[in-house]
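Q: Sequence:
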Amino acid sequence: MEAMEQIQQSFDRLTLSEDSECRSRLVSQRSETHRLRFRSLTLGEVGDPFSYVQQLQTECQGWLLADSHDVRRIVETVVMEQFLKQLPEVTAHWVRDNQPATLNEAIYFVERHRSSIVVSPP
1 MEAMEQIQQS FDRLTLSEDS ECRSRLVSQR SETHRLRFRS LTLGEVGDPF SYVQQLQTEC
61 QGWLLADSHD VRRIVETVVM EQFLKQLPEV TAHWVRDNQP ATLNEAIYFV ERHRSSIVVS
121 PP
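Residue numbering for the sequence shown follows UniProt numbering, starting at 1 and increasing by one per position.
Hints were generated in silico from the structure; no laboratory data involved. Please note that a few of the clues may not be correct.
As the list claims (entries may be wrong) - When the alpha-carbon atoms are kept at most 20 Å apart in a straight line, the in silico EDC-like pairs for lysine to aspartate or glutamate are as follows:
(1) 85 <-> 97
(2) 85 <-> 32
(3) 85 <-> 105
(4) 85 <-> 111
(5) 85 <-> 59
To be verified - Pairwise CB distance ranges, derived in the manner of DEER restraints:
(6) 58 <-> 105: 25 to 31 Å
(7) 104 <-> 54: 31 to 37 Å
(8) 93 <-> 54: 27 to 33 Å
(9) 70 <-> 108: 17 to 23 Å
(10) 78 <-> 29: 15 to 21 Å
The structure presented is a predicted model; accordingly, all values stated were derived computationally and were not measured. C-beta atoms are modelled at their ideal positions from N, C-alpha and C, and glycine is treated no differently.
Based on the provided sequences and hints, a complete structural model is requested.
A: Structure representation (C-alpha cells):
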C-alpha cells in the first residue's frame, strides 16, 4: 500500500503540472498497480466474501477507469491484458515496461522485441 500512496502523491503533484506525457505515464503506472492488485487479491487476504468483492471492484475500477471512462478505452485495456497474457513471459514483461498507450503500440513493441531476439546463424 505504501507504493500506492507514493503514486497517489506523485499523481496529485502532477495534476497541477502542464506535462501531459508525464501525467499520462503516471496514470498508466497507477492503473498497472491496480491491475496487479486486482489479479493477485485473494479471499484469504481480505477475510469475508463481501469485503473481498468490494476490494475487487475497487481495484478493477482503478485499473480500467484510471484515465478514462470511455468504453472503447476500457475494451482496449481488457484486450491488451489478454493479448499480453498470451505472449511469452519475457516479451510481455518487456512490452509492459514500455507502457504502451494503445494496442497498436503494444503490437509494435512485440514486433520490435521479437526482432531483437532473433538469433543469427553462426
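Q: Which of the numbered hints above does this structure break?
A: Violated: none.
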